[in-house]
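Undergrad: One-letter residues, chain by chain:
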Amino acid sequence: MLRRILTNALMWLVLIIAVVWTVIPVMWMISLSFKTYGEWRTPSLLPRNPTLDNYIMLFSPQALGIFIAYTAILEPIVGPLSRTLIISATATVIAVMIGFFTAYGASRYNSPGPFTLFFTLLTRMLPPATFVTPIVIYFTTLYLIDNIIGLILLYAATTVTYAIWILKGFIDAIPVEWEEAALLEGASPLQVLFKVIIPIARPGLVVAGLFIFLMAWTELLFALVLTNLNVPLSVQVSKYVTAVGALWGVQAAAALLSSIIPLVIGYLIQRHLITGFTFGLVRG
Amino acid sequence: MTFLELQKISKTIGNKVILHEIDFKVGKGEIVAIIGPPGSGKTTLLKIISGLLAPTSGRIYLEGKDITNTPPHERGFSMVFEIPPVYPDRTGYENIAFPLRLKKLNEDEIRKRVLAVADLLGIRHILDRKPSTYSGGEYQRVALARALVTEPRLLLLDEPFRNLDAKIREAMVSWFKDLHKKIGVTIIYSTHDPLEGMTMGDKILVLLKGIQKQFGSASELLARPTDLDVDEFISIPALNILKGYIDECSESGVKLSFKNAMLKIPKKLLKCERGQEVFVAFRPHDVKIDTGEGVGVFKGRIININYTGRNQLVSLETDDTIIRAVVGKDVKLKIGSTVSIIPSIENLRLYDANTKKLLE
Amino acid sequence: MPEKPPRPIKILSSLPLNLLLNGVLIIPFIIMIYLALVKWSPLVGVNWWNAPFGGVVNFQRALSDSRFIEALGRTALFVAIVVPLELLIGLLLAYILQKPFRGKRFVISLLIYPLMLPPVVVATVFYLFFQPYGPVNNIFLQYVIGPRALNIYWFLDPTLAFITIIVADTWQWTPFMFLIMYSGLSAVPKRLIEAAEVLGASEWTIFWKVRLPLIKPLISVAVILRSLEAFKVFDYVYVMTGGGPGTSTESISLYIYRLAILYSDISYAAAVSLIVLAIIFIVSYFAVKILVGRR
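Going line by line, the protein sequences match chains Z, C and F. Its first residue numbered 353, the first sequence is counted upward by one per residue in this note's numbering. Its first residue numbered 1075, the second sequence is counted upward by one per residue in this note's numbering. Its first residue numbered -12, the third sequence is counted upward by one per residue in this note's numbering.
Each hint should be verified, as a subset may be incorrect.
[Claimed, not checked] Heads up, simulated SDA-like pairs for lysine to any residue below, C-alpha to C-alpha not over 20 Å straight-line:
hint, chain 1, residue 1, chain 2, residue 2
1, F, K91, Z, T468
2, F, K(-3), Z, S540
3, F, K91, Z, A361
4, F, K(-3), Z, L362
5, F, K(-9), Z, I357
6, F, K86, Z, F467
7, F, K91, Z, S540
8, F, K(-3), Z, W517
9, F, K91, Z, W364
10, F, K276, Z, K547
11, F, K86, Z, I357
12, F, K86, F, T234
13, F, K86, Z, L362
14, Z, K591, F, K(-3)
15, Z, K520, F, I(-2)
16, C, K1177, Z, L542
Don't read these hints as lab results, they were simulated from the structure.
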């Protein structure tokens, strides 16, 4: 009996430690982002005079007239933010569309076959760094450096695998009879694809889309490699740390700002995954 | 006038023969039930009739016209598949309207037809809801509505009652027959349940392992099955089959010899051969049990009694086989006791032991 | 369904994919092989497609490049530390969370959120965290070492810097292992557990003899996935330590990145990349055989 109480208490302790350990770093960051620069280098948990200065400096670095030397090289965060938005959205649309059509062919007709599918898995298995070398040369030659299109194409190519695998699972779960019924009723194969499969597979499209958007938003390596001046958000955040080492509060603010969308997406994915796979087909 | 005719329809996939020379005629407004165990080719046959699959050989005629090569959606048929096409992402109304939308009818016309069918099937109240909220029966009826809303010339149904509870199934069958009286569309439907098929169908096609064994009315099937396989399939509870041989042929009938018994039946066989090995088949309903010391043909020991409400299904052990009998619930029987088994000799059927064909 | 795909479907389901993958990834791969076999960098002066042939020169150089080999070993060591660590903690948490309690779903979504943060952000968080005036030093100050803690410069000591990277990765990726273990443990049929309990088995025994064997395949998959990802580590190193002090925390991805971008040593970078790819292929092949092949 005592042993049971002891083990229970131990488990609760571990759980509490885990939760605290998970929450503290970000909480501290949040408070840091609201601290005045005098307070940056203090270990206090809460800011004494909370201020929005750090965030203001994100949007217009020179506005407060401090840290001129550092802020001179910074771009207002609106630029990287909008760039990342466009890049992620476009790459997502491309990857999901291509992934969907491929998944449909693979699911219903085995075209492309399992070999190609396995091959696409490789694109995720291999370290991106090993591809940096040729891609830099290749994209430079194609004038795809330092513009949005290069990153869009790259992200679409590296994430399309996820779209294929997620969507194939969804499409496999749709009974073939549902398509045959539509064919019998006079639908052409393309009509079947667009009027039957797409609406039914919508939850899958949403999940795949959210997933890919998240990956495009948070990618760093290729963003660094393929851009100089027109950097996306992830690179911008790293700049606050590496190039501008001293602006602690602003770094915290930048990191937090760039996390909002990913967190929202993460939440949405959780919700949609649950509604995803059943189709109300419980009756079999 | 023959409405639909199949002439020697065969289908081979790879090396496997799925269907072999299916040949039958359907009159307008008839219900044809295709019965057969799972895997016998029922779905394939229905798909060939609908046009989704092409036959390897054979022809199909609709009102005299050859439609073997007509694409499926030009035939004017509707089909309800085993997994009914009720799309989960849209309401019942949208589901039923789907084929009409494909035909590009205008909204008013669509609305009129959908509501009409919904009223006919009694599902108007669920049109606004999505399928995840439907019961099994409602689900099936929406699928049926979708098939009927295009006013098809032929309705094909692939095991429509399979996924329903036994109780609901009975109700659905009778409801369906009523419906058919109202709308009169020609129906070809498939089921693995022979009793259900024989209740529903005006004509029944017995399909075993891709071969058309018999095509006829229920009474024809029951009285004169073409071979032992058919007899076995349609008999529920299970058919009693005994192996014996013909001892004597005469004007007054045939004398049959079994291991420990003899039986004389007043049947006149066209071809009677002494020594011919036969299977003797009779249904449990056609068996009487005598607890007294009367003269039965067989003697058996009762090993099991199943109560089915109105009757008792008794399993009896004779020297080499088990015979089943159905008796009224008032007959008092004890397990372990030995009784006489008296099959009704008018309802005995003889089959050649080698070809399994009916001997008449 | 017709056996062969109709024309438009066939085109839709293979053409776009082929265009995309071939155009964006496969052609560069072929270029990479070419680059590794020539002697070229942007400083040389000719266009890269006219580069002088080099043969295996670049590969030979890699074999005697101590910085390369150390980066490889370091990254492997990183994987070997981080993956089991995350596995164990994830397993422990998954086990603890098997019991129902109020607010459990909230706790789980709380535990998962590190997964959703951009790795750059996590790197920034811990970069700030491990600063001399950051909370880590000050917690140490209060409970463990005393006022000397304020002078610990995490990023100036090779071992300490390595530890910070491990901490960042663990913080972000333990939830991943936790999720997989949790779904695996939840899927263990209750009946088996109850049967064991009836037979008088202790919780410990139940864990080892019932739960663990059933989730072994899941563990293998999780380990393989996580190891592949951990090997690629770049973001944390780039932001937090810059590979430093010196090159003491330089991961293989960072090294290749520097070769290509910082030193513009393109041909050599290509050769190194190919070697790393080959190593990964071979190791994964054997790893999959060992961990999964045991059927």
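Undergrad: Take the hints in turn and mark each one as holding or not.
TA: Status of each hint after checking the structure:
| no. | hint | verdict |
| --- | --- | --- |
| 1 | K91/F with T468/Z | 41 Å, violated |
| 2 | K(-3)/F with S540/Z | 14 Å, holds |
| 3 | K91/F with A361/Z | 17 Å, holds |
| 4 | K(-3)/F with L362/Z | 59 Å, violated |
| 5 | K(-9)/F with I357/Z | 64 Å, violated |
| 6 | K86/F with F467/Z | 42 Å, violated |
| 7 | K91/F with S540/Z | 49 Å, violated |
| 8 | K(-3)/F with W517/Z | 18 Å, holds |
| 9 | K91/F with W364/Z | 12 Å, holds |
| 10 | K276/F with K547/Z | 43 Å, violated |
| 11 | K86/F with I357/Z | 14 Å, holds |
| 12 | K86/F with T234/F | 46 Å, violated |
| 13 | K86/F with L362/Z | 14 Å, holds |
| 14 | K591/Z with K(-3)/F | 46 Å, violated |
| 15 | K520/Z with I(-2)/F | 17 Å, holds |
| 16 | K1177/C with L542/Z | 15 Å, holds |
Comparing the model with each numbered hint stated earlier shows that hints 1, 4, 5, 6, 7, 10, 12, 14 do not hold.
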